[in-house]
Amino acid sequence: MASAFAGEWGRIVATLIRRTGDWDLAEECAQDAFAEALRRWPGDGVPTRPGAWLTTVAKNRAIDRLRRDRRRAELLDEASALGPEVQEMDDDTEDNEIEDDRLRLMFTCCHPALALEARVALTLRTLAGLTTAEIAHAFLVPEPTMAKRLVRAKAKIAGAGIPYRVPPAHLLPERTGGVLAVLYLLFNEGYAASGGPDLIRARLCDEAIRLARALRALMPDEPEAAGLLALMLFHHARRRARSDAVGDLVTLEDQDRGLWDGEEIAEANRVLDGALRHGHAGPYQLQAAIVRCHTNAADAAETDWAQIASLYELLARVVPSPVVALNQAVAIAMSRGLDAGLEAIDELEASGRLDGYHLLHATRADLLRRAGRLPEAADAYREALALVGSDSERRFLTKRLGEVTSGTS
Amino acid sequence: MRYLMFVCVDETLVNPESVKDMPRDTIAWVEEMDGRGVRVQGNRLAELPTATTVRVRAGEVVLADGPFAETKEHIAGYDILECADLDEAIEVAGKHPVAKIGAIEVRPFAED
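Keeping their order, the protein sequence lines are chains R and W.
Take the first sequence: its letter number 103 is residue 142 in the working numbering, and every next letter is one higher.
Take the second sequence: its letter number 17 is residue 278 in the working numbering, and every next letter is one higher.
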C-alpha cells in the first residue's frame, strides 16, 4: 500500500521543508504520516484524497513537535518565553504551491555545490522516500557511510546557505541540466544492473521515471525534461529483453522484440513528439530520438541507420564527447558502409580521446567481424577484453572472440 | 549571510600572459562588488616567502618558514562577502579574475 502513494512522499517532505526549514523534521513527520496511514487505512478505508490526508497528518505532527520543542526551550530559558511565536502553519493545501515545493526540493537536492553522490542520495531520500538502508544497498556502500553522507549534505544545505528555491532565470538552464543529469544517473544506476532481479535496483529505475514524469509536469516549457522522460521510457520498455535466462547481455539486434513493452514505447513516442514540437532539441531529446529509431523498427534489419547517423551528428554538435563520436561511427558503418565506419573509428583512436576505453575496441571488433575480417576482429576483441570491467560484458566479448576465432560467425 | 572568500593562486597556471590583466581586472571586480554592497572588506596578501607558520607543541612555540600546507595552490588574498545565499556568493567568486588561474574557496562564517 505504501508504495502506491510513494509519489506523495516528496510532496509532503517538500512542503514541510518550506514551512519549517528543517529537513530532518520534514522527513520524520512524513514517516509518521505514512505509519499512521498503515495503521488506519486498512480499517477506515483509504480517504478520498490520500495525498491531502497524508499532508495534513504530517503537518499536524510537525506543529506538535515544534510546540514541544518550544516548550522545552521555554523551560530551559524563561527569557525566551517572550520570544516570537512559533509560526502556525495554515491549512492551505493549495495544489500549485505544493507542486512548486516539490520543484524547489528537486533543485535544492541537485545543487551543484553538493557532491554528485550526495545529490543522488538526497534525491532518493527526500524526494523518492527510500530509506537510508535502501539507498546504501543500491550504491553498495555500508549504511553508516550513506547515513553520514546524507547528514553532511543536509548540514551543508543549511550551513552554507544553499537556497531552497527554483533558481532564477539566469541560472535556470544550467541548473535544470544538473537536475536532469542526477535523474538520468539514477536511472542508469538501476538499469546498468543486468545480473539477477535486484529489486532495489529496479526501484531506482522506477523512481527515476517517476521523478522525470513529475519534473516534466512541473516544467512544461522545458522540452529536455520531456526528452529525458521519453529516453528513460524507451530504454525501460526493453528491460525484459536485455538479458537472457542466465543473466547474460543480449544485444539490441538479437533482442526478442515481443518482450518489449508496447505501452511504454507508445507513451515514450507521445512524450517525445510533444517535446520536439518546442523546436529546441537538446541532448536528451536527441538521445531519445536515436533510441526511438531502434525501438520503432519492426526488426533489426528495418532500423533506419541513416536517420540515426544524422541524429548522432546533431548530438555530437551539442555534446562534443568521444563516446558520442564512437556511436556515430557505428551509425555511419551501418548506413554508409563498414569501411566508412571503421575509418571514423581509426580517426577517433588516433585522437587518443578514448584511450583505455574497452568499447572503442569492442566496437571496432564488431565492425571487423561484420566485414568478415576475422583475424583482425579477434585482435580487437582481445584488446577490448584486456580493458573490460564488468563480468557480463566480459562473458559477451569472450563468446564473440570464440565465434570469430572458430570462424562460426 | 557572511562568507569568507579565500583567493588561491595555482602556481602552475601563472605565466606572463595569464596574469597580464590581473591587476586591472581585480580592481574592476572590487569596484563592482563594493558598488553592489556584497564585498565587506578584503586584501591581497604579501608574497608567499613572507609566510611563517606557528604551532605550539608540548608547550613550545614551533615555527616553520612558509605556509602551513605545501601545495601548488596558495592563498593570495581574501575577501569578506555579505550575500543573500550561496548562489550569490558563488556568482561573486566566479567573477573574480583569479578564479581563472587558481581556486576560490567560499565558506560561511560560523553562526553564533
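Worth double-checking, as some hints may not be accurate.
Below are the EDC-like pairs computed for lysine to aspartate or glutamate, each with C-alpha atoms no more than 20 Å apart in a straight line [unchecked claim]: (1) R/K195 / W/E343; (2) R/K195 / W/E349; (3) R/K195 / W/E366; (4) R/K187 / R/D63; (5) R/K193 / R/E156; (6) R/K193 / W/E308; (7) R/K193 / W/D346; (8) R/K195 / W/D346; (9) R/K195 / W/E372; (10) W/K281 / W/E321; (11) R/K195 / W/E352; (12) W/K356 / W/E366; (13) R/K195 / W/E308; (14) R/K193 / W/E372; (15) R/K195 / R/D83; (16) W/K356 / R/E173; (17) R/K193 / R/E173.
To be clear, the hints were calculated from the coordinates, so they are not data collected in a lab.
task: Of all the hints given earlier, name the ones this structure violates by number, lowest first.
output: 6, 10, 13, 15, 16
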